[in-house]
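Between the sequences and the hints, there should be enough to build the whole structure, so can you do that?
Protein sequences, first through last, are from chains U and D.
Okay, so the first sequence: first residue is 1 according to my numbering, each after it adds one.
Okay, so the second sequence: first residue is 1 according to my numbering, each after it adds one.
Keep in mind the hints are simulated off the structure, nothing from the lab.
Treat each hint with caution, since some may be false.
[Claimed, not checked] Restricting the straight-line Cα-Cα distance to at most 30 Å, the calculated cross-link-like pairs of lysine-lysine (DSS-like) are:
no.	chain 1	residue 1	chain 2	residue 2
1	D	K44	U	K160
2	U	K76	U	K36
3	U	K36	D	K160
4	U	K160	D	K22
Number of protein chains: 2
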Amino acid sequence: MTIRKQRRKEGIPRGVISRLPKYYRYLSGLSQAQEKISSAELGKALNMTAAQIRSDLSYFGSFGLHGYGYRVDELKNHISAILGLDREYSLVLIGAGNLGRAIASYPNFRKRGFIIKAIFDADPEVIGTELAGLTIRSIDTLEDYLQANPCDIAVITTPKEASQAVCDRICRAGIKAIWNFSPLDLRVPNDVILEHTHLTDSLLQLSFQITNNETEKSS
Amino acid sequence: MTIRKQRRKEGIPRGVISRLPKYYRYLSGLSQAQEKISSAELGKALNMTAAQIRSDLSYFGSFGLHGYGYRVDELKNHISAILGLDREYSLVLIGAGNLGRAIASYPNFRKRGFIIKAIFDADPEVIGTELAGLTIRSIDTLEDYLQANPCDIAVITTPKEASQAVCDRICRAGIKAIWNFSPLDLRVPNDVILEHTHLTDSLLQLSFQITNNETEKSS
Numbered sequence: 001m002t003i004r005k006q007r008r009k010e011g012i013p014r015g016v017i018s019r020l021p022k023y024y025r026y027l028s029g030l031s032q033a034q035e036k037i038s039s040a041e042l043g044k045a046l047n048m049t050a051a052q053i054r055s056d057l058s059y060f061g062s063f064g065l066h067g068y069g070y071r072v073d074e075l076k077n078h079i080s081a082i083l084g085l086d087r088e089y090s091l092v093l094i095g096a097g098n099l100g101r102a103i104a105s106y107p108n109f110r111k112r113g114f115i116i117k118a119i120f121d122a123d124p125e126v127i128g129t130e131l132a133g134l135t136i137r138s139i140d141t142l143e144d145y146l147q148a149n150p151c152d153i154a155v156i157t158t159p160k161e162a163s164q165a166v167c168d169r170i171c172r173a174g175i176k177a178i179w180n181f182s183p184l185d186l187r188v189p190n191d192v193i194l195e196h197t198h199l200t201d202s203l204l205q206l207s208f209q210i211t212n213n214e215t216e217k218s219s
Numbered sequence: 001m002t003i004r005k006q007r008r009k010e011g012i013p014r015g016v017i018s019r020l021p022k023y024y025r026y027l028s029g030l031s032q033a034q035e036k037i038s039s040a041e042l043g044k045a046l047n048m049t050a051a052q053i054r055s056d057l058s059y060f061g062s063f064g065l066h067g068y069g070y071r072v073d074e075l076k077n078h079i080s081a082i083l084g085l086d087r088e089y090s091l092v093l094i095g096a097g098n099l100g101r102a103i104a105s106y107p108n109f110r111k112r113g114f115i116i117k118a119i120f121d122a123d124p125e126v127i128g129t130e131l132a133g134l135t136i137r138s139i140d141t142l143e144d145y146l147q148a149n150p151c152d153i154a155v156i157t158t159p160k161e162a163s164q165a166v167c168d169r170i171c172r173a174g175i176k177a178i179w180n181f182s183p184l185d186l187r188v189p190n191d192v193i194l195e196h197t198h199l200t201d202s203l204l205q206l207s208f209q210i211t212n213n214e215t216e217k218s219s
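Take a look at the structure:
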């Protein structure tokens, strides 16, 4: 049975999936010279127990060797394939404000195979200017562009007020995956994948930990 | 026993904590007129089972009423207090590039009590200009500023090359919580809380789901 078939059959828990980028990042950062890694080492680096590591990685077939650990290259390539990083993805970015500019200029996306093909905005003063080597297009031309150039992922960095309308247009134009930065929970059809980055959530995690630490200290 | 003491004693699993912002966001978005909500309703809205909801919320004391559900106000205020949102936090932002500008202009932070007090940059062309109502300061004055104005949280939006040095300076200046956007795993002292937003991880979640969906369709 291939890994993909195995995965489809058994399903990988969402928690495990959410930790794959962390594994991938850590393994990518290791020296080329390091051939193997133990679950204990991985656990220490990623703040998890060795047992958690072994449990997570067991979903991807038994390629760890008892008393040896994992082969770094094999593990990295395997996780890369599971994450779908063995191909390129074409992206459109809608909203060339500060956040859109930051995303368009972020160096690591291209390195991982996420290529921004076109940038759209509604502001006449912005349309026609350059951003990250691309000429910003009018949002009026979005459907024409996507019909001629089908893309994999749309990134929404518009103001909150515009995001649902933009999302609806993108979905009608056939985009099947959306990365939303606007602080609004978007409604999408069932066959569209939505990833929402809530920037405020990170601050709430910080405030929780600050409050918790102070409580402990004062006890 | 107070809730805080109870929490300290028993500990809340990290998974539950990571879901609190989601609960808080959803409850905050409900109409003022809605007085109660059942675990089934919450579960449906948040894509969780009613049992998961009841299990999560049981960590915060038994304020759900059998056959009635939860009082929206009570639940929201409770989660707000646990998240530490019953006070204000002062922030400094280091790095007034695109991402820094996006963060400084993001309206929801101030609304939740996270107030950016000062913005620093190293670029002489940027220093002295205005951003989000503040005059951008020279990074050379960081320590002086923090000594005169102790702050709760530092947000790092510098380029990768500068982020560890900035982080070290911030920690020496007494900041105890850092929100890092630079694509580098920062080293911090044990008593400093670090929240790292990895923008690439969201794309990896999308590529995983795209790959997975396509595999399912082609089977």
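How the hints compare with the structure:
no. : hint            : in the structure
1   : D:K44 to U:K160 : 24 Å, holds
2   : U:K76 to U:K36  : 11 Å, holds
3   : U:K36 to D:K160 : 28 Å, holds
4   : U:K160 to D:K22 : 18 Å, holds
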